[in-house]
Structures are given as C-alpha cells and as structure tokens.
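The hints should help you fit chain Z onto chain D, whose structure is shown.
Residue numbers (full-length UniProt numbering), protein chains in the order written: chain D, 1 to 186; chain Z, 1 to 186.
Since the hints were derived computationally from the structure, they do not count as laboratory data. Where hints are given, some of them may not hold.
Where chains are identical, the list cannot tell them apart; a pair therefore holds if satisfied intra-copy or between any two copies.
Result set (EDC-like, lysine to aspartate or glutamate): computed pairs, CA atoms no more than 16 Å apart in a straight line [what the hints assert, rightly or not]:
no., residue 1, residue 2
1, Lys33, Glu9
2, Lys165, Glu10
3, Lys127, Glu106
4, Lys93, Asp114
5, Lys109, Asp157
6, Lys33, Asp94
Being a predicted model, the structure only gives us computed values, none of them experimental.
2 protein chains.
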Amino acid sequence: AAGIIVWEEENFQGKRHEFLMECPNITDRGFRKVRSLKVESGPWVGFEYPDYQGQQFILERGDYPRWEAWSGNSGSRTEHLLSFRTIRCANLKDSRMTLYDAENFEGYKFELSDDYPSLQAMGWGNKEVASIKVHSGAWVAYQYPGYQGYQYILERDRHNGEYRKCSEYSAQAHTSKIQSIRRIQH
Amino acid sequence: AAGIIVWEEENFQGKRHEFLMECPNITDRGFRKVRSLKVESGPWVGFEYPDYQGQQFILERGDYPRWEAWSGNSGSRTEHLLSFRTIRCANLKDSRMTLYDAENFEGYKFELSDDYPSLQAMGWGNKEVASIKVHSGAWVAYQYPGYQGYQYILERDRHNGEYRKCSEYSAQAHTSKIQSIRRIQH
Numbered sequence: 001a002a003g004i005i006v007w008e009e010e011n012f013q014g015k016r017h018e019f020l021m022e023c024p025n026i027t028d029r030g031f032r033k034v035r036s037l038k039v040e041s042g043p044w045v046g047f048e049y050p051d052y053q054g055q056q057f058i059l060e061r062g063d064y065p066r067w068e069a070w071s072g073n074s075g076s077r078t079e080h081l082l083s084f085r086t087i088r089c090a091n092l093k094d095s096r097m098t099l100y101d102a103e104n105f106e107g108y109k110f111e112l113s114d115d116y117p118s119l120q121a122m123g124w125g126n127k128e129v130a131s132i133k134v135h136s137g138a139w140v141a142y143q144y145p146g147y148q149g150y151q152y153i154l155e156r157d158r159h160n161g162e163y164r165k166c167s168e169y170s171a172q173a174h175t176s177k178i179q180s181i182r183r184i185q186h
Numbered sequence: 001a002a003g004i005i006v007w008e009e010e011n012f013q014g015k016r017h018e019f020l021m022e023c024p025n026i027t028d029r030g031f032r033k034v035r036s037l038k039v040e041s042g043p044w045v046g047f048e049y050p051d052y053q054g055q056q057f058i059l060e061r062g063d064y065p066r067w068e069a070w071s072g073n074s075g076s077r078t079e080h081l082l083s084f085r086t087i088r089c090a091n092l093k094d095s096r097m098t099l100y101d102a103e104n105f106e107g108y109k110f111e112l113s114d115d116y117p118s119l120q121a122m123g124w125g126n127k128e129v130a131s132i133k134v135h136s137g138a139w140v141a142y143q144y145p146g147y148q149g150y151q152y153i154l155e156r157d158r159h160n161g162e163y164r165k166c167s168e169y170s171a172q173a174h175t176s177k178i179q180s181i182r183r184i185q186h
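So that you can see chain D by itself, here it is in the shape it has in the complex (with noise of 0.2 Å):
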C-alpha cells in the first residue's frame, strides 16, 4: 500500500484503482467520478478538473468515504475529483511563508512557521491577503477559520513558491480572504 486508492462509488465500492503516481484525468482510466477514495501514503492534493485545474482538495492519510470528506464544503457544490498528483513537503519545523496584502509582495507583510486556525487572532485582521511567497514546504490555506471552505494548496516546489496576485493560488478566484493556514505533512 503505498499511494492513493479511488472508488466509483462512495464507501469504497464499485470499481477501482490503486494509483502510485499522477493522474491527470481519471476519466482516461474509465472512471466516470470518484466517489470515495483511500489514501495510503501521502500527502496528495486533488483538483475538480482534468489538468489539475480547478478547486484544490488536500488529501492525507486516511479514509475518505464520502465526497464530503475533501471537499471542505465549499460554496459552490461541486462532486467532481478528476485529477490528482503527490505534493512534496518540508520538515514541519522548516516550513516558512509570508503573506503580503499588497500584490507583487508589497504593502503589510506577515511571517508564518506554524499552523494558525485563525489569523485573524494572530494579528492579520480583516485584510486581503494579496500575494504569498513560500519559503520552504507546502501549505494550505482555508477561506474560513478553523481549516474550512475553500482550499489553496500552497507549495514552495510550484511557480517557486511565488504567488503575485490572488488568482495564482486561487485558480477559482472566488476570494482573496484567508482566514486559517496550516502546513502540509508527511
């Protein structure tokens, strides 16, 4: 058992398939949806999409035996999963971002190395967050506190960690508002 398992049919029934690596549209291996899915080793993130486009859904150790169970409940209620790739991490303790709410990392700026389920009492308030420069290791983000809503899967290993304005980490760009962060790990 070492990567993702996917199911046609929520709680693990129907057909399936076992992936170690990428997938970038599991539509091409016959599947009409992913309705439940297992994840062995990890992390993964999934997107709504072919292409990894589209909403974000990170995918840890663990069951999964319903569509609510990645979705976070975003607004607009998609049951889509069609595509899906590994990310890499750091050592938790490595992990670093800024936030800057300015874009192109201008304006106020706000340094993290921890999880925070509500920046809003870590001091960053109400404002937008306009650009984010990774560091080190992957994160992600919520729209609403406490790890909820939509989800941006933030990774120093992708556009080299720089995201200049809200549409390069929110492909949906639905918000710019950020209310909890966390780091990915293994």
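Chain Z only, in chain D's frame:
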C-alpha cells in the same frame, strides 16, 4: 468588541445581537435562526440545538458569513445553531490527551500533545476511538482527515475530561471514527 456577534441573515445582515456570555437558546432573544456570525474573541462552541445539544461547531476568531463556514460540511445538513458558550483552553504547549481503542480507558492507547491532521499517519491506524481522557486543554476531533466532517469538542473542564464511550463525546453518536484532532487555542 469582546464576544460573538450573530445575525439572522447571511453576510452579516438583518437582526443582530452581541453576546459576551453563553446563550442557551437564541430563540429566547427573538431570533428564528443564526445565518452568519463574527467571533471577536474566542474560542466559542456552537450547538445545533438549545441547551448545548446536538452537533458541535468550533467557533474561533474570524468571520463566518454563511452556515457552511462553521458546519464543516457534516453529513446530515442541518442549518441550526441555536446555543453557544465559551471554551476554556490551556497553553498550547501544556495540552495533553489520551485516546483508547476500548471503552472505559482500556485497550491500545495513544497519547497526544500536538495537532494531528491525520491520526493514521501518526500510527493510530484504522482503529475506532472508543474512549478519551483529556488531561489538559481543549481539543476538537474530526470525523475525516484534515479537520473535516463532524466535530467533537473535548475539554478538560467538562466531564472531568473523561469520555468513557463514544456517545459521551459524540452526542449524535453517528460514528466513533475520528481521523484528525487538534488543540484549540485563544
């Protein structure tokens, strides 16, 4: 601003009330329901039904413009939040609890003093959590990995920190499967 502000409509619209202390039944204040809220200082815990019954929702500092922001996408979609109270936390470094795979604090055990987005990755495997002892602090346990799904608030200051069977931590008793756990902080 020192408490929790609730509104009857989404996006902080309509009838409004600020609470500094616990509220056993929001309908006593003339509210039919709560559709959005802001936590100015926390943490609080919200409950589905009056008198702190039913599903539990951790409410940390920040903005909750819609029901989905606090519900964590629980399986049975209820839009009620009818009572709420504050939570007493410990210093994060002092938070400590023990999980057991049998009732009454018996069987295989696993001691926690950190946040665990995947209990399976930490060696708990696929075991049910049958009983829990909270030695210090306040915690929130989740049905799914990555802090998603049903939430169970676990406090040293309630039940003497002792949850002898799953119905004692999960009022809904839908499941004794816990896949992620984190400490609650101010």
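Verification of the supplied hints:
1. Lys33 - Glu9: within (8 Å within a copy, 35 Å between copies)
2. Lys165 - Glu10: neither (37 Å within a copy, 28 Å between copies)
3. Lys127 - Glu106: within (13 Å within a copy, 48 Å between copies)
4. Lys93 - Asp114: both (8 Å within a copy, 13 Å between copies)
5. Lys109 - Asp157: This pair counts as neither: shortest intra-copy Cα distance 22 Å, inter-copy 37 Å.
6. Lys33 - Asp94: neither (37 Å within a copy, 44 Å between copies)
Going down the numbered hints, you'll see the structure goes against 2, 5 and 6, while the others check out.
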